[in-house]
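Peer 1: Residue numbers for the sequence shown follow the working numbering, so the first one is 112 and each next one is one higher.
None of these hints come from the bench; they were simulated from the model. A hint or two may mislead.
Below, a list of computed lysine to any residue pairs in the SDA-like style, where the Cα atoms sit at most 20 angstroms apart [unchecked claim]:
id, residue 1, residue 2
1, 245, 118
2, 245, 195
3, 245, 294
4, 245, 260
5, 245, 121
6, 245, 160
7, 245, 119
All values reported here derive from a predicted model rather than from experimental measurement.
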Amino acid sequence: REATDGNGWAKYVCAADLVALQSVPDEPGVLICPTCGHRTDTPGEGVLGDAFDIHHRQWGLRADPHIWWAVRDLVGATPTPATRDEIRAAFVDSASQVADVDLDHTDDLRPYRAHLDQGGMSGGFVDLQWWRTKGIPLLVDRADDRRPPAPAATTTSATGGTAGNRVVGVLVWLVVLAIPAALVGGGVFLLYQAAWGTPVEATVLSCDTTGGVFGGASTYGTDCVAEWEIDGRLVVGGFNGGNGESDVGKTVDATIRGDTAYSRSIVLPIVLLVLGLPFLAVPFFAIRRAFRRRRQSAAGGPQATGAAMV
112 REATDGNGWA KYVCAADLVA LQSVPDEPGV LICPTCGHRT DTPGEGVLGD
162 AFDIHHRQWG LRADPHIWWA VRDLVGATPT PATRDEIRAA FVDSASQVAD
212 VDLDHTDDLR PYRAHLDQGG MSGGFVDLQW WRTKGIPLLV DRADDRRPPA
262 PAATTTSATG GTAGNRVVGV LVWLVVLAIP AALVGGGVFL LYQAAWGTPV
312 EATVLSCDTT GGVFGGASTY GTDCVAEWEI DGRLVVGGFN GGNGESDVGK
362 TVDATIRGDT AYSRSIVLPI VLLVLGLPFL AVPFFAIRRA FRRRRQSAAG
412 GPQATGAAMV
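Turn these sequences into a full structure, and let the hints steer you where they fit.
Peer 2: Listed below in structure tokens is the structure:
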């Protein structure tokens, strides 16, 4: 935006002190008031009133400045619309309302309006051509140019965290829930193995530990073989749930299901349950607190509303 018109005359003045604006060196399109220091690249407040910080030095006819300031008073506090077309529509509608004339479509380019006649030559006459080619375009440019920068977009959760924090929170909760699920689930499964089946005494014959670490994951496992007598028959089969190689040669209490014997020892299941149950308290109290907050919020909403109405 240039500071002068085609004839070299000052094109714009500062609305605060009516001093002609000057170009800012090395900053094309930026003008500055030499008196108050206002720059045309100064962000506004995001309202249509931002557009009125400068105006053309020369008006069209005598009624035009009165329309200008009346439009400012009419829409100055209106939030700046999102698009230039919407901004223009707001200014055109308000100027048409003030001047009581269709700014875009009236054929008479210099209509007379008695309520705008403040006396003097051309008093009450509106220069529609000036509004169409200079006034409205300037207002649209200023409102759009002075729109304050949009704040950095951040996605926040109900607790104020960012989207990244939410992901971390989900991962933490998955770990917290996985620990008791593995411990308690394993303990319950071992108790089931010990309780259901045909009780016998089994002798552990051998245990073989195999596996390794592949890709950071352990595949170690111990396969044991035991023998037991059932219905007068000596049966050899797998043995699960014992203490591994330390059980070889020992006779242990077991439960038979199919061709596999399961240790009836409850030491390991109890240990797993004791370790896992405290972890269940964490999600339990978290869920309880969330429901309590929701219940308090629902109960407090009407009270707060009633207090505000009083």
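Peer 1: Looking at the structure, which of the earlier hints fail to hold?
Peer 2: Numbers 3, 4, in rising order.
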